[in-house]
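A.B. asks: Could you build all of it, start to finish, from the sequences and the hints given here?
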Amino acid sequence: MICSHSARSIDTLPGLLATSLLISMLLGACSGAAAPTPFPTPAVHPTKFAASGAAAEPELPQTAASTVSPTPDPYRGLTIADLRSRTYGAGMIRFEPEQRVSSRFSRYLLEYPSNGLSVHGFLNLPHGEGPFPVVLVLHGYIDPDLYQTLTYTTRYADSLANEGFLVLHPNYRNYPPSDPGPNAYRVGYAVDVLNLIALIEKQAGRPGPLEYADPDSIGLFGHSMGGGIALRVIAAQAPVQAAVLYGSMSADEQLNFEKIYEWSEGQRGADELNTPASDLARISPVNYLDGIQAAVSIHHGEGDRLVPPEWSEDLCRRLTALGKTVECFSYPGEPHTFIGYGGIQLIERAVAFYQEHLGPP
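Under the working numbering, think of the first position of the sequence shown as 75, with each following residue one higher.
Calculated directly from the structure, the hints in this document are not laboratory data. Glycine included, every Cβ here is placed at the ideal spot set by N, Cα and C. A hint or two may mislead.
What the hints assert, rightly or not - Restraint ranges, calculated between C-beta atoms of paired labels, are given here:
#1 395 / 336: 26 to 32 angstroms
#2 280 / 396: 36 to 42 angstroms
#3 175 / 433: 21 to 27 angstroms
#4 190 / 220: 22 to 28 angstroms
#5 146 / 168: 21 to 27 angstroms
#6 168 / 254: 16 to 22 angstroms
#7 341 / 254: 16 to 22 angstroms
#8 253 / 175: 23 to 29 angstroms
#9 285 / 178: 36 to 42 angstroms
#10 345 / 289: 21 to 27 angstroms
#11 290 / 340: 44 to 50 angstroms
#12 281 / 161: 23 to 29 angstroms
C.D. replies: Here it is as structure tokens:
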């Protein structure tokens, strides 16, 4: 169903991972999903991103009679170009005392600054010497009033930590106990992730939970809204080498906010849909896919009734046409959040993908 990429056989995970994850998936429902088929595509090696400062704006000509002032851009700070040009990573990540979760990894609660806001989350640190490849797990939309730090995506973070990846899971702004803050077009969430990536790079190698983090091997794992956040982050050319998009929102913000308006019965999305088309185009990652340097792995359930699988199909076609490193998988019968054997396959494929592009743990 989804457009193609390089077909390869994928070894199964250790029995412990497969058994534990399958049990957790089947608690919600049973599914007899057929095994999906990957598709082949050319590979392009991503290049290392180097952050740059914002360019100075040119001065307008002046006359003796009057001074002309440029019209302020109401979307300044929200466009992909703005996200690419700014700097990130002020402050430091602070960690709470260690919580031993299993014989394979420990968990630390964390807090870090993001544009003057306090953002919370957690870190899973594998036991061992490292250095460990880093993966940021980005959760989907949850009613903030119902959100808990150890939310549904914790199981993905734990599965990856069991395989030797150092995993960070940010809450984002507006998700307690993080501070409330501006989030037009959900750009604020991406800024929180971009700041976290910069802080990981800064604190890697220093004493603490990030001492054995590999700052040159950073990946993203985003589900639903989290997939949309990951798309914006890699479109902004963050120093990310690999991104897994799982049931992801679209790279086209027009499509996203039409769907959000529908889901919310008109309570959310109207302001974004009233944005001039030329300005919404500057905000939408879909118009900046050519600048993506990360390898991308796309996964979508054919039974998804929330986020259209066609959005992932379209993204796969676009990235393939641009010659990007991309692999795409369709999962017959799986809903928006996988509950059957597709959940096992998702993690197996994510682990193999990260091992290929981030290096083995």
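A.B. asks: Is it true that residue 395 and residue 336 lie within 26 to 32 angstroms of each other by Cβ?
C.D. replies: holds, 29 angstroms
A.B. asks: Can you tell me whether the CB distance of residue 285 to residue 178 sits inside 36 to 42 angstroms?
C.D. replies: Once the Cβ atoms are compared, 18 angstroms apart, the range 36 to 42 angstroms for residue 178 and residue 285 is violated.
A.B. asks: So does residue 290 sit 44 to 50 angstroms from residue 340, Cβ to Cβ?
C.D. replies: holds, 46 angstroms
A.B. asks: Using the C-beta atoms of residue 281 and residue 161, is the stated range 23 to 29 angstroms upheld?
C.D. replies: 25 angstroms Cβ-Cβ, so the 23 to 29 angstroms window holds.
A.B. asks: Do the beta carbons of residue 253 and residue 175 sit within 23 to 29 angstroms of each other?
C.D. replies: holds, 27 angstroms
A.B. asks: Is 22 to 28 angstroms a correct range for the gap between the Cβ atoms of residue 190 and residue 220?
C.D. replies: Taking Cβ atoms as reference, residue 190 and residue 220 lie about 26 angstroms apart, which means the hint holds.
A.B. asks: Can the suggested window of 21 to 27 angstroms be confirmed for the beta-carbon pair residue 175 and residue 433?
C.D. replies: holds, 24 angstroms
A.B. asks: Take a look at whether the Cβ-Cβ distance between residue 345 and residue 289 falls inside 21 to 27 angstroms.
C.D. replies: Taking Cβ atoms as reference, residue 345 and residue 289 lie about 38 angstroms apart, which means the hint is violated.
A.B. asks: The hint says 21 to 27 angstroms between residue 146 and residue 168; measuring C-beta to C-beta, is that right?
C.D. replies: violated, 36 angstroms
A.B. asks: Please check whether residue 341 and residue 254 have a Cβ separation lying inside 16 to 22 angstroms.
C.D. replies: Given a distance of about 18 angstroms, which is inside 16 to 22 angstroms, the answer is holds.
A.B. asks: Is the hinted range of 36 to 42 angstroms satisfied by the C-beta distance from residue 280 to residue 396?
C.D. replies: holds, 37 angstroms
A.B. asks: A range of 16 to 22 angstroms was offered for this pair. Does it hold for the Cβ distance of residue 168 and residue 254?
C.D. replies: At roughly 20 angstroms between Cβ atoms, residue 254 and residue 168 fall inside 16 to 22 angstroms, so the hint holds.
Checked against the numbered hints given earlier, the structure breaks hints 5, 9 and 10 and satisfies all the rest.
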